[in-house]
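Q: Position 157 (the sequence shown) corresponds to 147 in the working numbering; numbering is contiguous.
These aren't lab readings, by the way, just hints derived from the structure by calculation.
Okay, derived cross-link-like pairs now, EDC-like style, lysine to aspartate or glutamate, Cα gap no bigger than 20 Å in a straight line: (1) Lys268 - Glu142; (2) Lys268 - Glu286; (3) Lys63 - Asp276; (4) Lys291 - Asp270.
Values in this document were obtained by computation on a predicted structure and should not be read as measured data.
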Amino acid sequence: MVVDTRAVGLNPIDILQRSGTFRFANPVRFPVVPGNEFSGVVTAVGSRVDTLSVGDAVFGRTNKARLGALAEKVAIEADLVALMPRTLDFTAAGAVPLAGTTALQAIRDALAIQADDRLLITGGSSMVGMFATALAARAGAHVVTTASASSEPLLRSLGAAEVIDYRSQRVDATHGQFTRIFDLVGGPQLTGLLELVSPGGRLVTITSTPTPGSIRHDYPMPAWRAAALETALWLATLGPRRRARAGAFTYRFLSMRPSGHDLRELGRLIDNGTLPVKIDSTYRFDHAAQAFARVETRRAKGKVVVLTDPAT
-9 MVVDTRAVGL NPIDILQRSG TFRFANPVRF PVVPGNEFSG VVTAVGSRVD
41 TLSVGDAVFG RTNKARLGAL AEKVAIEADL VALMPRTLDF TAAGAVPLAG
91 TTALQAIRDA LAIQADDRLL ITGGSSMVGM FATALAARAG AHVVTTASAS
141 SEPLLRSLGA AEVIDYRSQR VDATHGQFTR IFDLVGGPQL TGLLELVSPG
191 GRLVTITSTP TPGSIRHDYP MPAWRAAALE TALWLATLGP RRRARAGAFT
241 YRFLSMRPSG HDLRELGRLI DNGTLPVKID STYRFDHAAQ AFARVETRRA
291 KGKVVVLTDP AT
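Working from the sequences, and respecting the hints, build out all of it.
A: Encoded structure:
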């Protein structure tokens, strides 16, 4: 199907893709159209598409190997899009697909949050962090998150029971152990997080080095490239995987899967008031470079969105 875009959400992964971080797994020939998520209006459908029609307002997450959302039109598989939530405009809807699907698949599947879990979310003021906080609180978990002091009121309104100001405190053993940890920050702090998972628990990251098998099927690749990739990831993540085995808990990298089914679930949660959508800033299409610069500051509170239609 073809969608005339109205709004395109930008994410930290857009910066990594632009810099070529994933070039071994997904080699592309530049120039390439960036962008992973969008909202817009269906303008053409294939003969076998029976779930959506021309004129439908939709939102979607592009095929991970092709990207291409930051454009006036997107050609995309119908099963990667869904009808927009009724309660959102195009700007807010364009901010949901990537972060929302990542948070949903983490809380529901990778972490399998239960009502008796004590969950730590690092980087809670990110869009993924806010969605994950709301979803985990809805499931009944005791949610602890790290963020700046200015983000505390928002995160508590989403269901966080505790907010740790990362500028003045470190998350360490004084905060106790956690049955689940969702790491959205990565970097040197991962070593400390590995000491805070209780036996039988789970630590899921979306920012540290991918674990073996986690991105193998995200991109089409020849067998030799897949084998080389898996070997490199096995060696690169040996330390944290050994620590997880010693502590009798699970450690893994989550690579979200684009899913129209999950977008429909997110739409239901948004329309019933479970998942508020926070926009940090919006930019016109011809100011997309400024939007990328805003994401690069890592200070955005909510989503940075590029408006591809001047009327949006």
